[in-house]
Amino acid sequence: GAVVSQHPSRVICKSGTSVKIECRSLDFQATTMFWYRQFPKQSLMLMATSNEGSKATYEQGVEKDKFLINHASLTLSTLTVTSAHPEDSSFYICSAASGATSGNTIYFGEGSWLTVV
Amino acid sequence: AQTVTQSQPEMSVQEAETVTLSCTYDTSESDYYLFWYKQPPSRQMILVIRQEAYKQQNATENRFSVNFQKAAKSFSLKISDSQLGDAAMYFCAYRSYYGGANSKLTFGKGITLSVRP
Chain A
3 GAVVSQHPSR VICKSGTSVK IECRSLDFQA TTMFWYRQFP KQSLMLMATS
53 NEGSKATYEQ GVEKDKFLIN HASLTLSTLT VTSAHPEDSS FYICSAASGA
103 TSGNTIYFGE GSWLTVV
Chain B
8 AQTVTQSQPE MSVQEAETVT LSCTYDTSES DYYLFWYKQP PSRQMILVIR
58 QEAYKQQNAT ENRFSVNFQK AAKSFSLKIS DSQLGDAAMY FCAYRSYYGG
108 ANSKLTFGKG ITLSVRP
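Going down the list, the sequences are from chains A and B.
To get the working numbering, take the position in the first sequence, counting from 1, and add 2.
To get the working numbering, take the position in the second sequence, counting from 1, and add 7.
Since the hints were made in silico from the structure, they are not lab data.
Wrong hints could be hidden among the right ones.
Said to hold, decoys possible - Each pair of labels, with its calculated beta carbon distance range:
1) B:S14 x A:V64: 48 to 58 Å
2) B:P124 x A:R12: 27 to 37 Å
3) B:I53 x A:Q62: 40 to 50 Å
4) B:R70 x A:Q31: 17 to 27 Å
5) A:T19 x B:M18: 16 to 26 Å
6) B:A78 x A:G18: 51 to 61 Å
7) A:G105 x B:I53: 11 to 21 Å
8) B:D88 x A:S20: 17 to 27 Å
9) B:Q51 x A:N72: 20 to 30 Å
10) B:G107 x A:M47: 32 to 42 Å
11) B:G107 x A:K66: 19 to 29 Å
12) A:S20 x B:T25: 46 to 56 Å
13) B:N74 x A:V119: 40 to 50 Å
14) B:S87 x A:K57: 42 to 52 Å
We treat Cβ as the ideally placed atom computed from N, Cα and C, and that holds for glycine.
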């Protein structure tokens with residue numbers, strides 16, 4: 003089946019620095035990628051939807067200047083957490099949609115644990 | 008806006024027994040997709056089963072089957088012959104037919120399933 007790879011799986015950064023998380027679709031072209039944040043024992047919270055070559059669409063309450071999303075190609079989207087603080091520590095998951103219709107499957111990356119110290 | 012409700016936060020089942028996880032949703036749309044995702048301790052999101060709203064026949068995947076009641080907006084997951092590896096968090100999700108690849112998944116809060124040996 004289709005694979006979405008997310009990197010790094012775990013990252014620790016110092017407060018005030020920026021960290022980048024990559025999401026790659028390995029064997030299909032991802033028209034759309036989604037970024038989620040998940041707190042322990044809670045559901046996935048959609049942060050933003052990104053389309054290749056376009057600005058990401060952020061969900062209400064998500065700081066677009068803090069969580070920079072770039073979808074430079076049909077196989078790569080990145081999430082950069084800028085000026086990270088301990089409250090940004092979380093599990094971040096990306097997913098990618100293949101094809102142009104909503105009937106196509108959405109595939110998830112393995113997720114990235116971010117710890118800000 | 009669509010909502011997905013999973014009212015049971017936790018359930019437990021004896022190995023080899025059958026368990027049913029409940030999910031209800033609210034929508035004004037007639038065309039949509041419903042999903043059950045499994046998230047084991049590894050945190051990888053795994054698609055368990057999907058149902059197209061226009062299909063009257065309930066979807067089945069090996070030991071997993073759904074009871075889709077469109078009029079009642081109910082979408083329960085039945086796991087037969089439960090195995091230790093079924094222990095995970097399970098999320099019910101809705102995806103609108105409209106919006107193409109940008110159509111996002113709306114998740115329920117999830118249910119933690121434990122399997123007793």
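Does the hinted range 17 to 27 Å hold for B:R70 and A:Q31 at CB?
The hinted range 17 to 27 Å is violated for B:R70 and A:Q31, with Cβ atoms some 33 Å apart.
Just to be sure I understand the hint, the distance between the Cβ atoms of B:S14 and A:V64 should be within 48 to 58 Å; is that true here?
27 Å, violated
Would you say the C-beta atoms of B:A78 and A:G18 sit inside 51 to 61 Å of each other?
Once the Cβ atoms are compared, 54 Å apart, the range 51 to 61 Å for A:G18 and B:A78 holds.
Does the hinted range 16 to 26 Å hold for A:T19 and B:M18 at CB?
42 Å, violated
Taking the Cβ atom of B:G107 and the Cβ atom of A:M47, is their distance within the range 32 to 42 Å?
At roughly 22 Å between Cβ atoms, A:M47 and B:G107 fall outside 32 to 42 Å, so the hint is violated.
Go ahead and decide if the range 40 to 50 Å is satisfied by the Cβ distance of B:N74 to A:V119.
47 Å, holds
For the pair B:G107 and A:K66, does the Cβ-Cβ distance stay inside 19 to 29 Å?
23 Å, holds
Evaluate the given range 17 to 27 Å for the C-beta pair formed by B:D88 and A:S20.
The hint (17 to 27 Å, Cβ to Cβ) is violated, given that B:D88 and A:S20 are roughly 48 Å apart.
Go ahead and decide if the range 20 to 30 Å is satisfied by the Cβ distance of B:Q51 to A:N72.
Holds, at about 24 Å.
Cβ-Cβ distance between A:G105 and B:I53: within 11 to 21 Å?
Holds, at about 19 Å.
Does the hinted range 42 to 52 Å hold for B:S87 and A:K57 at CB?
Roughly 46 Å apart at Cβ, these two residues keep to the hinted range, so it holds.
Supplied distance hint 27 to 37 Å, evaluated on CB atoms of B:P124 and A:R12
30 Å, holds
Against the hints set out earlier in the document, violations occur for numbers 1, 3, 4, 5, 8, 10.
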